[in-house]
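Participant: Each chain, written out:
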Amino acid sequence: MKSLEELKAIREKMQNQIGLRNEAEANIRVVVGMATCGIASGARPVLNALSTAVQEKGLSNIVVTQTGCIGLCQFEPIVEITEADKEKVTYVKMTAEKALEVVEKHLVRGQIVKEYTIQNYIK
Amino acid sequence: MYRSHILVCGGTGCTSSGSQQILNALQTEIEKAGLKEEVAVVQTGCHGLCALGPIMLIYPEGTFYSMVNVDDIPEIVTEHLLKGRIVKRLLYNETVTEDGIKSLNETDFYKKQHRIALRNCGVINPENIDEYIGTRGYEALGKVLTEMTPDDVIQVLLDSGLRGRGGGGFPTGLKWKLAKGNDADQKYVCCNADEGDPGAFMDRSVLEGDPHVVLEAMAIAGYAIGATQGYIYVRAEYPIAVARLEIAIKQAREYGLLGNNIFGTDFSFDVGLRLGAGAFVCGEETALMTSIEGNRGEPRPRPPFPAQKGLFQKPTILNNVETYANIPQIILNGSEWFASMGTEKSKGTKVFALGGKIKNTGLVEIPMGTTLREVVEQIGGGIPNGKKFKAAQTGGPSGGCIPVEHFDIPIDYDNLISIGSMMGSGGLIVMDEDNCMVDIAKFFLEFTVDESCGKCTPCRIGTKRMLEILEKITKGNGTLEDLDKLEELCYYIKDNSLCGLGQTAPNPVLSTLRYFRDEYVAHVVDKKCPAGVCKSLLSYTIDADMCKGCTLCARTCPNNAIEGKVREPHVIIQDKCIKCGACMEKCKFGAISKK
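Chains as they are written, first to last, in the numbering used here: chain A, 1 to 123; chain B, 1 to 595.
If you are wondering where the hints come from, they were derived from the structure by calculation, not from laboratory data.
One thing to keep in mind: the hints can contain errors.
[Unchecked claim] Straight-line distance between alpha carbons at most 25 angstroms, and here's what the computed PhoX-like set of lysine-lysine pairs gives:
(1) B:Lys387 - B:Lys535
(2) A:Lys86 - B:Lys102
(3) B:Lys102 - A:Lys88
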């Protein structure tokens with residue numbers, strides 16, 4: 001390493017990863033249902049896609065985590081997004097591809113992807 | 001990219017309670033569950049709550065599992081990692097509240113802490129330089145080399161008010177300024193990692209948890225004073241610290257962060273390790289340097305001070321591990337940031353190793369000016385078993401005991417000295433009503449007598465005479481004149497010893513004489529040990545009314561000092577009793593008492 005730029009490149013690469021260990025900054029929680037029903041309907045790839053995308057984009061204020069059965073097994077995989085002072089958004093029947101779309105639209109730009117939300121299914 | 005990081009403590013405390021086996025089991029189970037690509041297992045340095053080890057933190061949620069057993073690992077993997085269900089029984093009970101689980105940082109243990117020196121301990125993998133760089137590591141060195149002059153660096157340190165964390169509290173910036181002012185063809189930067197105080201382990205934890213911070217700070221020091229070579233003097237009894245330092249030095253050299261032309265500038269600096277054989281006196285600066293030179297570690301008179309003639313007779317600075325651990329942060333965040341914490345004359349934070357009669361034994365870093373009461377009651381969780389606080393011993397053998405009257409004193413360098421103790425390296429040993437203060441003084445004196453290098457008479461012979469008087473007192477043969485003689489010896493040794501070891505050796509005696517003279521008097525006049533510790537002054541007796549004559553005590557006694565017939569009250573023959581207390585422990589009826 002001969003320059004500060006090289007140091008900076010390593011730092012940026014590592015910061016996104018180590019950011020996972022910093023709970024203090026997080027104010028948005030992305031929770032994936034990972035009970036038997038969730039796992040059976042494919043929650044694992046959803047969780048991994050969300051987690052990877054959030055880290056790659058360096059979204060340090062977001063925590064991607066998992067929970068047990070949410071109680072709506074027929075709608076699994078379910079992803080809930082909670083943000084302070086805002087109503088919880090519940091996405092259902094998720095896939096890895098849909099999850100990436102949610103990261104791009106909801107988490108980066110703040111636009112809820114209405115067609116994937118539970119309201120769109122229960123009418 | 002991993003979705004979850006599991007941090008397993010690899011500090012000495014948790015390693016000795018089996019964290020390596022846990023780490024291995026975790027890796028096996030994770031592989032078995034097919035989670036190898038999703039979950040990263042990281043071995044970190046000490047997290048602080050050594051009493052609860054082995055500990056484990058799972059991110060991103062920050063779930064804190066304590067006292068983890070190898071048998072718990074399959075459950076953690078299937079429940080927590082696969083299904084997202086927290087294994088409640090392993091949670092640290094203080095993080096469990098009615099509203100759910102709170103973060104570890106919100107518990108009493110961490111809430112009042114402010115981590116600067118320990119900021120990476122328990123957070124990063126100390127054996128991976130990239131993780132250190134990810135927390136802005138080596139950025140301060142880069143900043144110093146490309147944007148600041150050596151005088152700028154020294155000025156920042158002077159303005160920050162940082163004082164030496166090894167004990168004396170000498171202003172770090174001033175030390176560097178003096179060394180820079182002396183011209184020489186070669187200068188040296190040394191790190192004192194020869195932590196020897198009984199009960200202190202903060203330097204070890206920094207070296208184990210964040211070794212690169214010391215290397216970075218030493219390079220900054222080298223640039224500031226004009227040195228190209230550094231030495232870390234670390235005791236060989238710290239094998240984990242030594243191994244991680246070796247890895248860190250190798251990685252830093254590979255990255256060109258140590259060696260020639262760092263960051264493409266004309267500054268070159270390298271660091272070598274020197275292992276100490278664990279002699280307490282080698283923590284004294286001149287003895288340490290004599291030892292690095294390859295000689296027997298004995299102190300030499302000052303002046304000349306190391307800044308003038310230190311290692312190999314060249315200008316040298318020596319700072320303690322914790323002092324160095326603060327420096328990169330001060331460079332990055334500025335002197336005002338650092339000076340905003342702490343008290344008027346003691347800035348920043350101090351790491352303490354909490355030990356003794358306290359619930360949360362472990363490592364804490366608190367802003368200067370925090371009171372002893374806050375440390376003991378809130379951070380430390382108080383005294384176990386409903387016992388009362390009696391004193392806190394700070395500063396190791398160089399320090400003294402702080403009694404309950406000074407419980408609310410804000411801890412800083414000057415306050416501690418004003419009450420007859422000192423900061424020292426930061427060992428903080430809590431004592432309760434079951435501790436005999438004469439015995440404590442004797443304990444520290446035994447240590448000093450063992451560790452005195454023998455070069456100067458006051459320390460070699462004086463401390464031995466003091467110990468003899470203390471032994472006489474604890475055996476019940478002391479007189480009031482002995483107390484006066486003891487005090488006179490204390491002042492004489494303080495004034496006439498060659499180095500810090502001898503000059504401070506009487507402190508435990510002086511401070512206990514000052515605050516607990518009544519206990520000394522009880523030993524001398526009443527021939528009693530109020531705390532029930534000094535064996536010669538105790539006697540065990542059997543209450544005839546309560547004794548059922550079960551014979552258990554007589555069968556337990558190793559010296560056949562108990563007589564009596566079956567189903568009749570037993571009697572202890574005082575001449576034969578060796579006061580081991582085994583009978584009292586065995587008695588099911590509480591018939592045996594000691595006085």
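Participant: Next pair to validate is B:Lys387 with B:Lys535; report whether the Cα-Cα distance is within 25 angstroms.
Facilitator: 21 angstroms, holds
Participant: For the pair supplied as a hint, A:Lys86 and B:Lys102, is the alpha-carbon distance within the 25 angstroms limit?
Facilitator: Holds - the C-alpha atoms of B:Lys102 and A:Lys86 are around 21 angstroms apart, at most 25 angstroms.
Participant: Run the distance test for B:Lys102 versus A:Lys88: straight-line Cα separation, threshold 25 angstroms.
Facilitator: This hinted pair holds, its Cα atoms lying about 20 angstroms apart.
Against the hints set out earlier in the document, no violation occurs for any number.
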